[in-house]
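Asks: Just so you know, the protein sequences line up as chains H and A, in that order.
Note that the working numbering numbers the first sequence so that position 58 is 58, with each residue one more than the last.
Note that the working numbering numbers the second sequence so that position 132 is 132, with each residue one more than the last.
Please note that a few of the clues may not be correct.
Derived DMTMM-like pairs (lysine to aspartate or glutamate); straight-line CA-CA distance at most 25 Å [unchecked claim]:
id	chain 1	residue 1	chain 2	residue 2
1	A	135	H	53
2	A	135	H	5
3	A	170	H	46
4	A	135	H	38
Far from chain H, some chain A residues (derived; all Cβ distances over 12 Å) [to be verified]:
id	residue
5	15
6	61
7	66
8	68
9	82
10	100
11	104
12	108
13	112
14	185
15	194
16	211
17	238
18	248
19	264
Okay, the calculated beta carbon distance ranges per label pair [unchecked claim]:
id	chain 1	residue 1	chain 2	residue 2	range
20	A	264	H	34	22 to 28 Å
21	H	72	A	31	49 to 55 Å
22	A	29	H	48	49 to 55 Å
23	A	30	H	67	55 to 61 Å
Hints are computed from structural coordinates only; laboratory data are not their basis.
Given the structure is predicted, the values throughout are model-derived calculations rather than measurements.
Glycine is no exception: its CB is placed at the ideal position from the N, C-alpha and C atoms.
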Amino acid sequence: MATIDYHWQRFSSGQKLARFSVYLFFITGFLYSIRSVEVIPDFLYDAPEQMMDLLSRMWPIDYSFYPLSVHDAMIETLNIVAN
Amino acid sequence: MAGLNSMAEGNKQNPFNRSGWNIVLWILAAAYLVYSVQSMGLSGERFLAGLGHASTLIDRMFPPNFERWELLLSGLGESLEIAMISSVSGIFLSLFIGVLAARNLMPAWVSIPVRGFIAICRSFHPVIIAILFVKSVGFGALAGILTLIIASIGFIAKLFAEAIEEISIKQVEAIRATGASFSSVVIYAVMPQVFSRFIGFATYQFDSNLRNSTMVGIVGAGGLGGTLFSAFQRFDYDFVAAILITIISLILLWEFLSTLVRRIF
Chain H
1 MATIDYHWQR
11 FSSGQKLARF
21 SVYLFFITGF
31 LYSIRSVEVI
41 PDFLYDAPEQ
51 MMDLLSRMWP
61 IDYSFYPLSV
71 HDAMIETLNI
81 VAN
Chain A
1 MAGLNSMAEG
11 NKQNPFNRSG
21 WNIVLWILAA
31 AYLVYSVQSM
41 GLSGERFLAG
51 LGHASTLIDR
61 MFPPNFERWE
71 LLLSGLGESL
81 EIAMISSVSG
91 IFLSLFIGVL
101 AARNLMPAWV
111 SIPVRGFIAI
121 CRSFHPVIIA
131 ILFVKSVGFG
141 ALAGILTLII
151 ASIGFIAKLF
161 AEAIEEISIK
171 QVEAIRATGA
181 SFSSVVIYAV
191 MPQVFSRFIG
201 FATYQFDSNL
211 RNSTMVGIVG
221 AGGLGGTLFS
231 AFQRFDYDFV
241 AAILITIISL
251 ILLWEFLSTL
261 VRRIF
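Chain A extracted, bound-state conformation (with noise of 0.2 Å):
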């Protein structure tokens, strides 16, 4: 065994000695935590504390009062618009910019801007978007279409780009061969590829954009969030938790409805 024999010549160093400034990183590591938790004031007794306001709130919260179920409602309805029309018609932009940024169909003076904008679009969270969408259009439902709309353009074209730079080849050169136009090679070879994933993606933001819709009414972009918001600052916490169960069931309601519709594609 001639290769075999380094140990036992002397060579007896650990493969995994531990070096002096690993050991000098994890004390400045414990000691940047040791750091951390003391400047924020996170302790014991605060945590204990916090545990008796828990129960306080959620016996305040139970049982759940549904007396303003007008307010409840519309605020509900509204959130339903924004997720619909900014699903509908972030969705159906999404299709042609996916297209655009698809590295494999277009030339990369076309899709490098296109990614460019896909990912401009997505490096805020919906919050601040909303901010900004409020300061220029105003308080309401408009804001908050724009913002789910912008959300999912960052989000969907990115992914309905990616399974079109994943398809099979072949089918393009085909139908392509028989002279078809551009629009034809999309709608024949392209979409039959990645039709059943473009429908799970679009579900997912539909399911992404109802729970945003019910979040951006906080900064006061329209829908529940503004009800819900209002009904904490009230201390309704009765108002909050018929709120909360509002918001669970109508995701539960669509989680149920989109297994149907990927059943039915």
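For reference, chain H alone in the conformation it holds in the complex (with noise of 0.2 Å):
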């Protein structure tokens, strides 16, 4: 009686290795750039308080800039928009 000896692989081996590769390269450019790029850490500290800073001094809205500067930018955008 044959006995069943195969085990069933879904890719060869050469597709596993081209495969891992693509990983390989990936992960190690991610870890590469990681730790060469330049990230100032005083800024990122800071970063809360300057979100907070942006978000008190948008609200309330200031309604008095939209006939300044606004109103037309916002035509000629609609302009072009339509040409």
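Could you fit the two chains together into a complex? Lean on the hints.
Replies: Structure follows, in structure tokens:
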């Protein structure tokens, strides 16, 4: 009686190697980028404060700028879209 | 032919008749077009003058000047770092967010808020998000990275979720019938059906992030865009041409690599 002595594989070892090398390329690139990218920590620690500053200045909305600069720009945008 | 003789009985009205309102709307549209062209100051002379300016610009762009290649390379390196970090982390996050947003795997109280989050991520152009991040985390590459992570989530998590919603449910039921856990269902029933499409989306997103990483620098978020913008402002058009050629070759190189990646998977 013949025994079933093979093991089913979805990918050949060449395919596995190719896929692994793609993963390896991206992981290596990612780690290398993380190590070499220039991030200024002081700015990062300051981020919540800056965000609060931005939001507090955004509210209340200042409509007095609308006739000065927003209106013409908005009409021009619409004209560009229409043309 | 009882039903077809309606034409013979005097019902000769053109079915595509032009109504009065139709004419009025066309006249209004034409008048608006004339007004908008005039208010923007578009004219033939201006266009002809513009052609002259364009030819001077192109004259000054060639030959491209690669003398400041160190500056070019450092900007390019930063752009590549931004694209790499934002793509890998954005795609990784999108995998989970995409599963959470898929309506056939998740109950509505999970998928609806997650879909809302994706829609918020997608609602602004990357440049606007970059301006906000430059304000909050300061000038430099970090603002660009965060911007492109948000942009990647907004675009690719939606595509992931829709790919997952289109799977055949039979395989999911078969795996579930064996008593598999949710993570096993996702890994053995869902992923094999959608993985090749995910690879396609991911390579497209990397391409898009490469392009955007050379652009967010214009608002101060790091990368080649800052170099490009300052070269433009100093009228160094030959250096601008060098930067543009570098960007084009970068995109072409990724085009080649992405075909390779798609052939492997």
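Asks: Hints first: check each against the structure and report whether it holds.
Replies: A quick look at each hint next to the structure:
1. 135/A x 53/H: 9 Å, holds
2. 135/A x 5/H: 64 Å, violated
3. 170/A x 46/H: Cα-Cα ~51 Å, so violated.
4. 135/A x 38/H: 17 Å, holds
5. 15: Consistent with the label, residue 15/A stays out of reach of chain H, its closest Cβ about 31 Å off (over 12 Å).
6. 61: For residue 61/A, whose nearest Cβ neighbour in chain H is about 26 Å away, the distance exceeds 12 Å, so it holds.
7. 66: 23 Å, holds
8. 68: 19 Å, holds
9. 82: Since the minimum Cβ distance to chain H is about 7 Å, residue 82/A lies within 12 Å and the statement is violated.
10. 100: At about 23 Å from chain H, residue 100/A clears the 12 Å cut-off, so the statement holds.
11. 104: Answer for residue 104/A: holds, closest chain H Cβ roughly 25 Å.
12. 108: Residue 108/A clear of chain H: closest Cβ-Cβ about 31 Å, beyond 12 Å.
13. 112: Fine: 26 Å to the nearest Cβ keeps residue 112/A off the interface.
14. 185: For residue 185/A, whose nearest Cβ neighbour in chain H is about 18 Å away, the distance exceeds 12 Å, so it holds.
15. 194: 16 Å, holds
16. 211: 17 Å, holds
17. 238: The claim stands: residue 238/A keeps its Cβ more than 12 Å from every Cβ of chain H (closest is about 27 Å).
18. 248: 21 Å, holds
19. 264: Since the minimum Cβ distance to chain H is about 4 Å, residue 264/A lies within 12 Å and the statement is violated.
20. 264/A x 34/H: 22 to 28 Å: 25 Å, holds
21. 72/H x 31/A: 49 to 55 Å: Violated, since residue 72/H and residue 31/A (Cβ atoms, about 20 Å apart) do not stay within the stated range.
22. 29/A x 48/H: 49 to 55 Å: Roughly 50 Å apart at Cβ, these two residues keep to the hinted range, so it holds.
23. 30/A x 67/H: 55 to 61 Å: 29 Å, violated
Of the numbered hints listed earlier, those contradicted by the structure are 2, 3, 9, 19, 21 and 23.
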